[in-house]
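Protein chains in written order, with my numbering: chain A, 1 to 209; chain B, 1 to 186; chain C, 1 to 322.
There could be a bad hint or two in this list.
[Said to hold, decoys possible] Covered stretches of chain B, as calculated for chain C (at least 3 residues, CB under 8 Å):
#, segment
1, 43 to 57
2, 62 to 71
3, 81 to 88
[Claimed, not checked] In silico negatives: residues of chain C with every beta carbon more than 10 Å from chain B:
#, residue
4, 57
5, 189
6, 279
[As the list claims (entries may be wrong)] Anything over 10 Å on all C-beta distances counts as not near chain C; from chain B, calculated:
#, residue
7, 27
8, 28
9, 29
10, 32
11, 100
12, 113
13, 121
14, 122
15, 124
16, 166
17, 172
18, 173
19, 175
Everything labelled a hint here was simulated from the structure, so no lab data went into it.
Glycine included, each C-beta is placed from N, C-alpha and C at the ideal position.
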Amino acid sequence: MPPIPGSGLAKGLAVTLRTMTKKTVTAQYPDAQPELPPRTRGVIGLFEENCTVCMLCARECPDWCIYIDSHKETVPAAVEGGRERSRNVLDRFAIDFSLCMYCGICIEVCPFDALFWSPEFEYAETDIHELTHERDKLREWMWTVPEPPALDPGAEEPKEVAAARKAAEKLAAAQEQAAQEQAAQRQAAEQTPAAPEQPARQEDEGPAE
Amino acid sequence: MSHLAAAAEQGFLSPTGVEIAFLLVGIATLGAAVVTVTTKQLVHAALWLVVALGGLAVEYLLLTAEFIAWVQVLIYVGSVVVLLLFGLMLTKAPIGRSPDADSGNRWAALTVAVAAAAALVWVVVDAFRTQWIDLDGPAQGSTRVTGEFLFQHWVLPFEALSVLLLAALVGAIVLSRKSDNDKEQR
Amino acid sequence: MNDVLDVALRLVVVFAVFMVLPLVVGQTEHKVMAHMQGRLGPMYAGGFHGWAQLVADGVKFAQKEDIVPADADRRIFQLAPAVALLPYLLVLVAIPIGPSESAVGQVIDAGIFFVLAVMGVGVLGSLMAGWASANKFSLLGGLRTAAQLLAYELPMLLTAASVAMAAGTVSLPGILNAFEWWWLPWQIVGAIVFFVAGLAELQRPPFDMPVADSEIIFGAYTEYTGLRFALFLLAEYAGIVVLCGLTTVLFLGGWHGPWGADGLGWVWTLLKTAILAFGVIWLRVTYPRLREDQLQKLAWTVLIPLALAQIALTGIVKVAIQ
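Only chain A is shown next, with the shape it has when bound in the complex (with noise of 0.2 Å):
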């Protein structure tokens, strides 16, 4: 059947009728902040705890914005007769946020997790060099990273959940074979069935997987 004339003019004017009624997607931006997602790529906050000075994300870079001074220092030996160790402590870690893309291959690529993502925005600053952020600023950054959204329902377990898994099982595994050997030789000594124990102790079991 063909449209009736007019009809698709009527519908314009309804889609805009209806759009009227419904509730703007308007965000009020200053008097009300805007809900980010965990991750959104707001600015980089440095847990610095974690930093071996390892360099990496310095070289991976390709804005070469972060700067990163630092110097070697000698512990000495924890036990007596030992080795003295040494290792690197950071003096500085810089971000210069008027050269980063936001591309976040430091935080891809770091290690020992000491880079975040923050979904804070708000550090404009009125002249180009305050935009260079040291690593003070950075670590207060630090305290706006939100915990990292739940896993999608299906999802592969996080890998270290499946490894503490994997060794809790073993460790269960061969607590069973040796309580199994334990009862075989029970047995072997009282001349006893041990086919009711069996079931029991899977329950025992059930929790600890």
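Dock chains B and C against the given chain A, drawing on the hints supplied.
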């Protein structure tokens, strides 16, 4: 006779406010008209024509011919001048003087204009002389009176004019249409 | 002395209406357009939902430098905004909002002709601006304005004539005195044609080809800044008020309403005008701009035949009921 008596009562050209206004507007209109034909800036000429036509409308108003006045504005200022300006813009009228905005026929044109003006003035003066408008009852020139005059006493000229305009319309369409021969040539 | 006072008072009231209603329409446009696009619109000026936004705009315009381009035709360039704005003020004088003698600025015998004639003069302002700016875009805008005016003046006049035929008078209060409710369906085609042609004459979207800001940079107003530009904008909004008021008076029965015709007639007039003004804004938000050829085609092949058909219908019904 009554007209003459009325004239005697009022006095010929007794300077009432309306008459003074009529004269002043008339002078302004005349001045605008003269500038229209003498200025060398084409668009200015068209705009001065607006002033002249508007002045005429005011004169009609002062003569209680309200209907004619508004029709004058509607047709001449609202449409004819717009058409004129449209044409001028299409022809790239320059801002400032156009050196060629003059005609070799200016004396002939002046003669025709003066003759036409003299004929009109003579006819009008001869027709009305010292007649005074009767302001009691519906004003002469109000819409109702004008309509009644037009469609009772002047129907034939009115219809003749309509036919003339229709003929002009058809003629314009015929002229602006592409003939079949042109199409074949392309 | 009393007469003088009376006239002065009427003029002051008309002037006040002329200054206030366009701003109200403008503010409504800000808000309605915003909400139709899922936005909030102005929220700060004046505190409560940005009610003073247009006042703030006016102050801003007044502070701007008044620039006349070097090659422009100075006098005409400066005169154009006044020519565009004043006619609407004059038209407002003749629109009756209530049944009593005191509810109209001035009763004019040939009201329809006066109103349409003076509205037509307003377009001269755009033409003058377009030509005097010495700018290609302005010239194009002026040309398009002229072409549009020539095309849309005719349907407007024809439909107005249809109402005049129905009422047997060309005076605006006279038409309203003769109004009956069944004129509404009788003249509905004429009303639509009149309204659409009026929109086109005001160069409101979707008929804003002459000012198309995205292609010819606001057409005739390209070179204008500051107060003169503001005057052109004010003329546009005054035009909306005038068009909606006229449509109300001619086709929607002005002060007539289902109840409360005595005393509250002016409320009906204002209400109908406001609804029409909302319609103007609604159309602007909804439809894209018509192309120049579509504009001309709409006028000559749709609106004028419809207007002529309306006149024929009016004539037949008029003869039949007599």
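| Claimed clearance of chain C by residue 28(B), with the beta carbon kept past 10 Å | holds, 17 Å
| field | Whether residue 32(B) stays farther than 10 Å from all C-beta atoms of chain C, as the label says | value | holds, 15 Å
| message | Please verify that the nearest CB of chain C lies beyond 10 Å from residue 100(B)'s CB. | response | The assertion about residue 100(B) holds, with a minimum of 19 Å to chain C.
| said: Quick check for students: does the CB of residue 29(B) sit more than 10 Å from each CB in chain C? | reply: holds, 16 Å
| query | Taking the closest pair, is the beta carbon of residue 124(B) still more than 10 Å from chain C? | reply | The claim holds: residue 124(B) sits with its nearest Cβ about 23 Å from chain C, beyond 10 Å.
| said: So residue 57(C) supposedly isn't at the interface. Is its beta-carbon more than 10 Å from every beta-carbon in chain B? | reply: Consistent with the label, residue 57(C) stays out of reach of chain B, its closest Cβ about 30 Å off (over 10 Å).
| Has the segment 43 to 57 of chain B got at least three residues whose CB is nearer than 8 Å to a CB belonging to chain C? | holds (count 4)
| query | Counting residues of the segment 62 to 71 of chain B that have a beta-carbon nearer than 8 Å to any beta-carbon of chain C, does the count reach 3? | reply | Coverage by chain C holds for the segment 62 to 71 of chain B (4 residues, Cβ < 8 Å).
| request: Quick one: see if chain C covers the segment 81 to 88 of chain B, three-plus residues with Cβ-Cβ under 8 Å. | output: It holds: at least three residues are needed, and the segment 81 to 88 of chain B offers 6 whose Cβ sits within less than 8 Å of chain C.
| Looking at residue 175(B) again, its CB stays over 10 Å from all of chain C? | holds, 17 Å
| request: Please confirm whether residue 121(B) is truly not at the interface, meaning its C-beta sits more than 10 Å away from all C-beta atoms of chain C. | output: Its Cβ never comes within 10 Å of chain C, the nearest being 27 Å, so this holds.
| query | Regarding the assertion that residue 172(B) does not contact chain C, is the least Cβ-Cβ distance greater than 10 Å? | reply | holds, 14 Å
Going down the numbered hints, you'll see the structure goes against none, and every one checks out.
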